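Novice: The task is simple: from the sequences and hints, build the whole structure.
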Amino acid sequence: MSTGQTFLTIGAFILLTTILQGVYSSIGSIGTDISGGQDGILATTIATSYIEYANGLAFDQVTDTSDVALSSPTSLTYPPGPEPGETGFDSFNDFDDLNGFIDDKTAGGSSRTYRTLFTVAYVDSNNVSTAVNYRTYLKRLDMKTWRTFPVPGPDEIIDTLKTSTVMGYFHFS
1 MSTGQTFLTI GAFILLTTIL QGVYSSIGSI GTDISGGQDG ILATTIATSY IEYANGLAFD
61 QVTDTSDVAL SSPTSLTYPP GPEPGETGFD SFNDFDDLNG FIDDKTAGGS SRTYRTLFTV
121 AYVDSNNVST AVNYRTYLKR LDMKTWRTFP VPGPDEIIDT LKTSTVMGYF HFS
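Numbered per my numbering, the sequence shown spans residues 1 to 173.
Hint data in this document are derived by calculation from the structure and do not stem from the laboratory. Note that the structure is predicted; figures quoted are calculated from it, not measured. One should not assume that every hint holds.
What the hints assert, rightly or not - For lysine to aspartate or glutamate, the following EDC-like pairs were computed, each having C-alpha atoms within a straight-line distance of at most 20 Å:
(1) K162 to E52
(2) K162 to D103
(3) K105 to E52
(4) K105 to E83
(5) K162 to D142
(6) K162 to D104
Specialist: So, in structure tokens, the structure goes:
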């Protein structure tokens, strides 16, 4: 093999290496994008399940045990939160029992674990986006859900999904 052919062969290897680095770099970023999308879908599914569960609970401890219409929101429990002995989903009986609760859930068909932080607050009917420090006939559940396992890599960003739902107390006679 002559010197010219050797240089031509070395040049071809350099060109091939450069092209392969670009291809593998693109494949790696596509995998990261797919993983991030999967995290979003799983977190949304978990948050939706929690919202459906919360909407099936009574509005308040007082309304859970009574069928009498409340004439004033001051009869409701304050501050919202679980009653003594209520430690998890199996024991919660009203909407505000979720306040301050943290739950970890492993998504089915995946080894990914997601953590959800629940916050419940009374809100005013004129502005449900702001919590108030007095009792009303409306409560808002805010949830933050994010992936905790597998632990993110050094270049990976974990998004936190923030969702809310509002529950109102209405009594039909």
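Novice: Evaluate each hint against the coordinates.
Specialist: Structure-based check of all given hints:
At roughly 16 Å between alpha-carbon atoms, K162 and E52 fall within 20 Å of each other, so this suggested pair holds. Note on K162 and D103: the hinted pairing holds, with a Cα-Cα distance of about 15 Å set against a maximum of 20 Å. Of the pairs offered as hints, the one joining K105 and E52 holds, with about 16 Å between alpha carbons and a cut-off of 20 Å not exceeded. A C-alpha spacing of about 23 Å is found between K105 and E83, which places the hinted pair above 20 Å, so the restraint is violated.
For the suggested pair K162 and D142, the alpha carbons sit about 7 Å apart, so the restraint of at most 20 Å is met. Using a Cα cut-off of 20 Å, the hinted pair K162 and D104 holds, with the two alpha carbons roughly 16 Å apart.
The earlier numbered hint that this structure contradicts is number 4, and it is the only one.
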